[in-house]
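Chain order of the listed sequences is X and H. For the first sequence, the residue numbers in my numbering are 118 to 322. For the second sequence, the residue numbers in my numbering are 119 to 630.
For the record, the hints were derived by calculation from the structure and aren't laboratory data. Be aware that a few hints might be false.
As the list claims (entries may be wrong) - Here are a few chain H residues that face chain X, going by a calculated C-beta distance under 10 Å:
no., residue
1, V129
2, V132
3, V139
4, G140
5, V143
6, A205
As the list claims (entries may be wrong) - Stretch-level coverage of chain X by chain H, calculated; a stretch enters the list once three of its residues show a Cβ under 8 Å from a Cβ in chain H:
no., region
7, 201-207
8, 241-249
All values derive from a computational prediction rather than experimental measurement. C-beta: ideal position from N, C-alpha, C; glycine also.
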Amino acid sequence: MAAGLQRCEGCGLVSRPPAHAPEPRCPRCDTALEFRKPDSLQRTVAYLVAAAICYVPANLLPVLTTRTAAGESSDTILEGVVLLWSPTGWPLSLIVLFASIMIPSAKIVALGYLVLSVRRGWAQSPAQRTRLYRMVGFIGRWSMVDVFVDTFTAALVQLQPLMSVEPAVGLVFFAAVVVLTMLAVESFDPRLIWDAAGANEVRHA
Amino acid sequence: MPRRRTRMSLVWVVPIVAAIVGVWVAVAKIMGEGPTITIVFDSAEGMEAGKTEIHYNGVTVGTLATLRIAKDHRKVVATARMQPETASFLVEDTHFWVVRPRISGATVSGLGTLISGAYVGMEIGKSTRSERSFVALASPPVVSQDVAGTFFVLRTSQLGSLDYGTPIYFRRLQVGEVASYELDADGRALTVRIFVQAPYDGYVTTATRFWQASGIDVSLTAAGLTVQTQSLLSILVGGIAFEAPPGAAAGAAAPAETTFTLYDDRTQAFQPPRGVSQTYELVFRQSVRGLAVGAPVEFWGIPIGEVVDVRPEVDTTKMALTVHVTVEVHPELLHVTAPSQATPGGVEEHRVRVDGLVAHGMRAQLQTGNLLTGALFVALDFFPDAPQASIDWSLTPPRIPTTAGEIAALEAKITRLVTKLEALPIDAIGKDVTEVLRTLDATLAEARRTLAAADKALADAGTLVAPDSALRVELSGMLQEMSRAMRSLRVLTDYLERHPESLLRGKSGEAK
């Protein structure tokens, strides 16, 4: 920024846009050039808030409705964890617990922390925070596993009169949490972490 | 470094939408939360908290949320979360019961519960008072409250194959079912409550008879082999049929809860009403071999009762053996055309009537019903020559005088005859007879001679009246003469009738 160089989001070309140009564009691929993602923090916060809101019904509402001859049972994620918890099945139970409950909440908390740190202009340990951001970005998409498993189950277990599994409304919220956190990660600009630390870091480098 | 200042981004629509959807879902869920009720069950067998559902007409209207043991340690208290729309169903007389697989009578119900486990059935009451705590019924109500029909009561001595839900047939059409049954406190009979659906309940009249229609009723009669069944189902699971006896007056429609007798079969049901039975004792001084308990008491061949007890009694003072036979007679099987003066239908009237019958010679007698088996039955018959007897009503049971049975009477007669025969002086009689025969011989010779003389006399008489005998000729001539004289006499009288004056004037007319 200080150098006035901009990296194109589209093709990665680093260029120096003409000063005071109203809308700088990449000379190679004509992508609009920005020093920072526009409204990054606001959008991240918005997505995070939405994710946090959806997180509540995602955990309170049933994600799967199992219809067997024995009747209908709707299970929330937590109930699924409890259901799977058995001397032999506990690893699976733990996986579900981590993938479906811990990770989404951890993501929300981590992103919230990042947003807060940028907002407050904290200068400490930007490298660690960047690592945290990468981790959140990497791990985030794996939360979708739960949604996949559930939708696959629902698609496969359709022995109509005997048994059928149908996704319930909670699953929609859960998927929304995953998607919204991914969007939040996507809209967060990790470069902002370094902005506060800008001067000394550059000096450092 | 142109940095756009923070302004409200469009992205905030996302959390707002999320919040709205979340709130909407939450509100929907809270609104969707129905009333919570408690149901007390005898046992929670097959039930599971959070799983067991409450069904009404096959629709899930609630789920048992919790199950816990009641404070008295005997019952199970279940908390059920009901669907919101059921709030108005939860009234005082709403019933709940556990549905487990049940194969009884004609109904195979709750078969689904074999796989699914028990569920809770529900029947909506008619009351308007709201209620939130209920006690589950021990057994499912067979008859739903919203089916129109009438309850009747049947009395029977044994349940047979009846059960809840056993079908009731009217002309082989299923019109109802057994609702409940219970044993009387004294354990002697059963009261069966049945439900007959409208409009068939109108066919239950005061004349209607109910009978157990289970199984096959095969009877071999003079008309041939008769097999009577209701439906195939009733052969398997039993049933109750009702009908008015043919030829009987239709009768008025029976009001609800009317008590009927449940007969064992159709034949019995259509027998004339037996009414109250009267117990009598008959004392016989003869062998009752072949007389079994249950043997009929017949009045001129019509069964009107049966033997209920046979027991011998020894009088040690007189060393006399008697057989006491207790019989039950249904006096109403005898149609009485002329009621007596005493209270009609009362005990007094009955006594007067029986006394009258006995006074006219009615006696009980043992008769052979079956020559092959030697089975005896008690016949009430009239023996006008029987010695005077009467019933002592002070005895319990009163005794109807008896008369010796046919065989016994015959034996007695033969015995008497043999005794008399033995008393006869056969030897003396033989001697006398020989003497008599000898005399008779002489008499016969005499008679033969007399006959020969008579023969001769007759032959003489024959010659006298032979056609060519002189006597005949003379007789004939004389008869001719006489007839001629008669003719001329008639001419004379004729003439005199016409000419009476000729008696005075002589025969002048002829000259004119």
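Checking hints one by one. Is V139(H) an interface residue toward chain X, by the C-beta closer than 10 Å rule?
holds (8 Å)
Interface restraint verdict for A205(H) against chain X (beta-carbon cut-off 10 Å)
Hint violated; A205(H) Cβ to chain X Cβ min 21 Å, cut 10 Å.
Closer than 10 Å between Cβ atoms is the bar; does V132(H) clear it against chain X? Give me holds or violated.
At 5 Å from the nearest chain X Cβ, V132(H) passes the 10 Å test, so the hint holds.
How does the region 241-249 of chain X fare against chain H when you require at least three residues with a CB closer than 8 Å, holds or violated?
Answer violated; 0 residues pass the 8 Å Cβ test.
Coverage criterion applied to the region 201-207 of chain X (partner chain H; beta-carbon cut 8 Å; 3 residues)
With 0 residues closer than 8 Å to chain H, the region 201-207 of chain X misses the three-residue bar; violated.
Could you check if V143(H) really has its C-beta closer than 10 Å to a C-beta on chain X?
Cβ of V143(H) sits 5 Å from chain X, so the hint holds.
Does G140(H) meet its interface restraint, that is, does its C-beta lie within less than 10 Å of any C-beta in chain X?
This interface hint holds because 5 Å falls under the 10 Å limit.
Does the interface hint hold: is V129(H) within less than 10 Å of chain X, judged Cβ to Cβ?
Cβ of V129(H) sits 4 Å from chain X, so the hint holds.
Hint compliance for this structure: hints 6, 7, 8 are broken, all remaining hints hold.
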